[in-house]
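Visitor: Listed here are the chains, written in short residue letters.
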Amino acid sequence: MDGPLPLALIAASLAFTVVVLIYVALARTPDWGLLGFAGVIEAGTLALLVVAAAQVGDADLGGAGAITLFGYLLAGLALLPIGFVWSLAERSRGATAVLAVVGLTQAFVIVRTLQIWPS
Amino acid sequence: MSSTRTGAGRVLVAVYGVFALAATARSLVQLLTKAEEAPVAYALSAVAALVYVAATVGLAEVGPQPRRLAWAAVGFELVGVLTVGTLTVLDPELFPDATVWSAYGAGYGWLPLVLPFAGIAWLLRTAAGASSSVA
Numbered sequence: 001m002d003g004p005l006p007l008a009l010i011a012a013s014l015a016f017t018v019v020v021l022i023y024v025a026l027a028r029t030p031d032w033g034l035l036g037f038a039g040v041i042e043a044g045t046l047a048l049l050v051v052a053a054a055q056v057g058d059a060d061l062g063g064a065g066a067i068t069l070f071g072y073l074l075a076g077l078a079l080l081p082i083g084f085v086w087s088l089a090e091r092s093r094g095a096t097a098v099l100a101v102v103g104l105t106q107a108f109v110i111v112r113t114l115q116i117w118p119s
Numbered sequence: 001m002s003s004t005r006t007g008a009g010r011v012l013v014a015v016y017g018v019f020a021l022a023a024t025a026r027s028l029v030q031l032l033t034k035a036e037e038a039p040v041a042y043a044l045s046a047v048a049a050l051v052y053v054a055a056t057v058g059l060a061e062v063g064p065q066p067r068r069l070a071w072a073a074v075g076f077e078l079v080g081v082l083t084v085g086t087l088t089v090l091d092p093e094l095f096p097d098a099t100v101w102s103a104y105g106a107g108y109g110w111l112p113l114v115l116p117f118a119g120i121a122w123l124l125r126t127a128a129g130a131s132s133s134v135a
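Quick note, the sequences are listed as chains A and B, same order. Just so we're aligned, residue 1 is where the first sequence starts under the numbering used here, counting upward by one. Just so we're aligned, residue 1 is where the second sequence starts under the numbering used here, counting upward by one.
Hint data in this document are derived by calculation from the structure and do not stem from the laboratory. Bear in mind that the values here come from a model prediction, so they are computed numbers and not experimental data. Just so you know, even glycine gets a beta-carbon here, dropped at the ideal spot from N, CA and C. Keep in mind that the hints are not guaranteed to be accurate.
Stated by the list, open to error - Residues from chain B that face chain A, not an exhaustive set, calculated with beta carbons under 7 Å:
#1 Ala14
#2 Val15
#3 Thr33
So that you can see chain A by itself, here it is in the shape it has in the complex (with noise of 0.2 Å):
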């Protein structure tokens, strides 16, 4: 948790909220290169749980901060698919932008991580 993971994870997040912004002003429906994007960032989530899972006994995270952390990891592994789905069904510009607010929200659930976790 205290590498490079989480901080490339968050500006993977942004960049991809992004390049969506972009498909909406252009009118582009997601492909295969946006799904492409969105698979890497769920790799690195998946990879960052499993960081987590294996420093957490070493980790003085108190009461609920294990549950919340987890919490947060497993949320953000849903994030993606879950709008992917949601988005998909539809062809509009507003089909596609579910994709930034769900790639502000992955950005935002690494950062909570970052918080949680002990310094």
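Got chain A; can you put chain B on it based on the hints?
Guide: Using the frame of chain A, we list chain B on its own:
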């Protein structure tokens, strides 16, 4: 009747869905691990979570009944965020811990204050679409 879940409504449902998930998870953790510390605040968070779930379902489903559910949820949400927001601004020590509606949702970038207005505007817009299509 115009659907509330198409076009921009899809984004609105997504934002409500995120709030429903976040508020539900947060209130569950609070109530299960430290309910005695701030029971009123955590109960309010649980009520807010139910309201967000109801709004998400109401806006995501199509038909008169889901629309009524959405109206009830966003109406309750508006009253809740204005009431709790005003009370907590006047007396910041009112609750030992913050709720999602404390200080008009300042802890969540004031989105809890903006959301009910966006929800009501969208419900009115889609209702207007329904009446204009009849005319």
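Visitor: If a hint holds in the structure, say so; if it doesn't, say that too.
Guide: Evaluation of the provided hints:
Checking Ala14(B) against chain A by beta carbon gives a least distance of about 4 Å; that is within 7 Å, so the hint holds. Taking 7 Å as the C-beta contact cut-off toward chain A, the hint placing Val15(B) at the interface holds, the least distance being around 6 Å. Here the hint on Thr33(B) is kept, as its CB sits about 4 Å from the closest CB of chain A, short of 7 Å.
Hint check: no violations occur; every hint is consistent with the structure.
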